[in-house]
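A.B. asks: Taken in order, these protein sequences are the chains called A and B.
For the first sequence, my numbering assigns the number 1 to the initial residue and increments by one for each residue that follows.
For the second sequence, my numbering assigns the number 1 to the initial residue and increments by one for each residue that follows.
Keep in mind that the hints are not guaranteed to be accurate.
Covered stretches of chain B, as calculated for chain A (at least 3 residues, CB under 8 angstroms) [said to hold, decoys possible]:
#: 1; stretch: 199-208
#: 2; stretch: 285-296
#: 3; stretch: 307-320
The set of hints was computed from the structure by calculation and includes no laboratory data.
Don't be surprised by glycine CBs; every beta carbon is placed ideally from N, CA and C.
2 protein chains.
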Amino acid sequence: MFGFRSDTHCPDTLARTGLLTTPHGEVETPVFMPVGTQGTVKAVAPWDLRTLGAKIILGNAYHLYLRPGHERIAELGGLQRFTGWHGPMLTDSGGFQVFSLAHIRSVDDDGVRFRSHIDGSEHYLTPERVMEIEQALGADVAMVLDEPAGFPSSPEETLSATERTHRWAARCLASHTRRDQALFAIVQGGLDGDQRRYSATTLAAMDFPGYAIGGLSIGEPKTETWGMVEAAVAALPPEKPRYLMGVGSPLDLLDGVARGVDMFDCSFPTRIARNGALLTAEGRVNITNARFRDQAGPIQAGCDCLTCAEFSAAYIHHLFMSNELLSFQLATIHNLRFIFRLMEDVRSALRDGRFDAFRRTFSAGHIETDPEVRTLQKAKWKAARAKTPAL
Amino acid sequence: MFGFRSDTHCPDTLARTGLLTTPHGEVETPVFMPVGTQGTVKAVAPWDLRTLGAKIILGNAYHLYLRPGHERIAELGGLQRFTGWHGPMLTDSGGFQVFSLAHIRSVDDDGVRFRSHIDGSEHYLTPERVMEIEQALGADVAMVLDEPAGFPSSPEETLSATERTHRWAARCLASHTRRDQALFAIVQGGLDGDQRRYSATTLAAMDFPGYAIGGLSIGEPKTETWGMVEAAVAALPPEKPRYLMGVGSPLDLLDGVARGVDMFDCSFPTRIARNGALLTAEGRVNITNARFRDQAGPIQAGCDCLTCAEFSAAYIHHLFMSNELLSFQLATIHNLRFIFRLMEDVRSALRDGRFDAFRRTFSAGHIETDPEVRTLQKAKWKAARAKTPAL
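Kindly generate the complete structure, drawing on both the sequences and the hints.
C.D. replies: Next comes the structure, spelled out in structure tokens:
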């Protein structure tokens, strides 16, 4: 029921096209997966997501376990039926969220004890319990429970988290029984290339149907991010899909594709949209800027999104200035469509053997300014780590 | 370009069906018009409004004059093009908003001086200026600037506001020149039946293409509301459309239709939706109630709205509990569709000669509990009046 095959390979880079087959449909790769943490891509209804060209959506096991509860979702027919998104889905295990959002009480080899960020209630998650949760949710792809290394962290701390991640991956694999769900492993190893290779090699030997690269884009310099991706990809089996977690700005997507990544997720395009930051070919613009007050044309000329087809930039500006709820929907639609179109262009450039040229042209014209994503995540990490008594 | 003809008349009540012809399309009456104060029906995109069955949408001249400015909207192609709602529209003059939201500095026969509720800036509106604003906005129907009587107010205060409303109506009519826009008068007269009749008769003599009944549903008992509507309707020309402003709960709609009202607007269904109050045949339910946590069926069995077609009540409950933005969109869609369907049923019952039976059956099964709308408006009035130095 689950499969992956890679097709065209870029002659100049590690980029490739591929096709992911899941119980809920096929997904062309490279693909960007919008984040629907709590069972909804914030501010956008599933029918608009389909129109926009979304193919596979994320949910988060940590969040959905806490609220409304995985057993409830299972009783209501599973995550797809619950959320009205009938296509392919992937659930993150919540490893990252437990270690960044929750108040950790203790972590040992057995599992992690934490207090909910919602109501302070105490919970205990083990690899086996997380498999129970993700199997109840029933997405097409589930992720193992992992322990990302903190940033910064010492080589010993990183190694300890990475090896625990491997032991937990093996336990996840052993307890995962759902035949209509693929379980992906997560490569860790902090910012240490050797540890990344070690992690990828170790997990590759366990023969998962797919591999993610986790614990990156949390505040480290980009050169380090890509060094870690390169180290992991080199040691992962080429016939399996590769998924880079938490990365999704336009330039990062192109850089990730060039390094052989097939799948991406990130809250970046949807989150910045709700702050009025809209993606254009040249980079992001803030729609609340006074220069948009009288712009009769759309946010970006030629954009084929529902928002640009119907509304002037002046109207979107007005919605943001007036604190109107519709602003969130229309801005999110624009940013998601921008990213989906970018990935469509990437796939078509790959098939035509001109990916490298496409990437260079796009990157030359596109400026990424705001390091807000990384700064935010860094702050979250620091706060979470400060609260942790034992790691 | 503008016309109205009434068709079927109910044998038992004053209810009637009709057809409003406007430059942007035809509207079957009785009709409910969703409120899009700032140029958007809160939380719902125009494409979803069309799917739901919305036929004519309101904008508010006071709000749009303050932000983004009527001249800007005119330069951007007018209200329809600006908002992406290409069907018929109506703009309220903002008389009610000036007297309830703004900080009034002075009112005399010439006009009203007030401070903006947004930024405290001082503005001066006269009947002529309001016509300029509404003609720039370019809706199919514009409303005259009126002065609603406060509640409570003495007979002398009421008469003074009512007579000023008449003088202002005449000045609006004299300065209104746009041929593709119909100007409706507004009957005032407080809670005094004689003054209501006097107001309706006076305005009827000026031969407006349509008549609204204003200044009601602001805290008075319902029997008084309907007494005033009856007094006004009896004195208004039967060949012109009648529009009851600010009334829109299910039972009020039926009671208004029975008294000969053709058009209604109210923020009620959209506003309560954002608080999680959802309309059902039996009355409204609060979706945040724990009893919906596990409800696999829709909010209302058999409801044909986009929300009920796709989602369980449990999912809507989850969205509200999780403070997800999608909650506002899905709840608003449900409530608006409920009201549109009710009006479709009303028109079809009228055409089949069974309106009175339909009304009785619906009303017997439907409980309206929460007087929140009236209470809120009453509080606003009191606050606004308290700030007013001279009226």
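A.B. asks: Now look at each hint and say whether the structure bears it out.
C.D. replies: To see whether the hints hold, each was checked on the structure:
Only residues whose beta carbon comes within less than 8 angstroms of a beta carbon in chain A count, and the stretch 199-208 of chain B has 0; fewer than three means the coverage is violated. Proximity of the stretch 285-296 of chain B to chain A, defined as three or more residues with a beta carbon under 8 angstroms from a beta carbon of that chain, is established by the 3 residues found. Counting residues of the stretch 307-320 of chain B whose C-beta lies closer than 8 angstroms to any C-beta of chain A gives 8; at least three are required, and the coverage claim holds.
Hint 1 from the list above is the single one not met by this structure.
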